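Student: Sequence:
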Amino acid sequence: MRTIALEEHFATSEYIAGPGRKLKERAEREGGRIANLVRDLVDVDAGRVAAMDAAGVTMQALSLTSPGVEQLPVEEAKAVARATNAAIGEAVRRRPDRFFGLASTPLLDPSAAIGEMERAIAEDGCKGLVINGHLRGRYLDDRFFWPVLARAEALRLPVYLHPTPSPQAVVEAWYGGLKPAVTEMMAGFGWGWHVETALHLLRMVLGGVFDAHPGLQIVIGHMGETLPFMMERFNAMPQSATGLDKPVASYLRDNVHYTFAGFNTLPNFLQLLLEVGVDRMMFSADHPYQSMAKGRAFLDALPVSPDDREKIAHRNAERLFGV
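-9 is the number of the first residue of the sequence shown in our numbering; add one for each residue after it.
These aren't lab readings, by the way, just hints derived from the structure by calculation.
Hints may be right or wrong, so weigh each one.
Below, computed lysine to aspartate or glutamate pairings styled on DMTMM-like, alpha-carbon distance capped at 25 Å [what the hints assert, rightly or not]:
no., residue 1, residue 2
1, K14, D35
2, K117, E80
3, K12, E66
4, K68, D43
5, K284, D43
What follows is a set of in silico ranges between Cβ atoms, one per label pair, in the way DEER data are often shown [what the hints assert, rightly or not]:
no., residue 1, residue 2, range
6, G166, T216, 15 to 25 Å
7, A76, G312, 18 to 28 Å
8, R84, K169, 36 to 46 Å
9, A163, G267, 17 to 27 Å
10, G267, A7, 41 to 51 Å
11, E15, R84, 24 to 34 Å
Source: prediction; values computed, not measured.
Glycine included, C-beta positions come from ideal geometry on N, C-alpha and C.
Build the full structure now, drawing on both the sequences and the hints.
Tutor: What follows is the structure, encoded as structure tokens:
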């Protein structure tokens, strides 16, 4: 069965030596799993393709690993976005049957972001955007960013909204005072990444992004970043107060798509399926942070019809990204 994986990360060696140097320092200090992670991030050639073959993954959407370019000064963000998108382009030209890209853009300069978006689509095999969370504490409900969103809408480019740590003041207030290792986990994969992404998306809804740009399509991972559990409560916010055209949960069903991203658990899957329907669900493995093989095995074992399994595995992604 054809399988397209949508939250699959990479980095250039230059990125690992620069903005991603914390990961490089950990790899040098700890070796083992972290060193292997760095090795797999920078491999967008034969090694990655062999791992995809072994796991039964047909295509990957390559996106720059967190923290991406969103926390960088604007001029550095411009240079890093262009270099990493160009690296995606090289990988796509080598193996157009196995890769496409999600472009990084320097959003703190909207004009430059639009230019880089259009260049990456035309030259580098990119079919959408990746945004690694807030922009130095600013969220996409800020109208400063809306020209970029409007251009993505016009070009029918999906936006993958990926987690990033909350602003430092939030990290200190919510997770400070714990053991350092616990603070790091809670601010990251244990909780913070997911509720931060959910908050970001809710700000977009409540800030009127989708009323202004009804064709804009967002993708989030991790079986919905906690959002499916809260659908009923979101709709308790009356439209007389929000001023929106629709109930909050309607936007989460009409403008958002959801991927696995390593959340290979049946209860999470079933709740998401019941809340948003199979046409809004797509496969991802979160390579190399999570196992492609485990993700594919989970997909194969889902209690759904063959037709629905194919929608999740590839047909929904083909329709959304045009691949």
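Student: Take the hints in turn and mark each one as holding or not.
Tutor: Here's how the hints hold up against the structure:
{"no.": "1", "hint": "K14 with D35", "verdict": "20 Å, holds"}
{"no.": "2", "hint": "K117 with E80", "verdict": "15 Å, holds"}
{"no.": "3", "hint": "K12 with E66", "verdict": "17 Å, holds"}
{"no.": "4", "hint": "K68 with D43", "verdict": "34 Å, violated"}
{"no.": "5", "hint": "K284 with D43", "verdict": "13 Å, holds"}
{"no.": "6", "hint": "G166 with T216: 15 to 25 Å", "verdict": "22 Å, holds"}
{"no.": "7", "hint": "A76 with G312: 18 to 28 Å", "verdict": "21 Å, holds"}
{"no.": "8", "hint": "R84 with K169: 36 to 46 Å", "verdict": "45 Å, holds"}
{"no.": "9", "hint": "A163 with G267: 17 to 27 Å", "verdict": "37 Å, violated"}
{"no.": "10", "hint": "G267 with A7: 41 to 51 Å", "verdict": "44 Å, holds"}
{"no.": "11", "hint": "E15 with R84: 24 to 34 Å", "verdict": "30 Å, holds"}
Of the numbered hints listed earlier, those contradicted by the structure are 4, 9.
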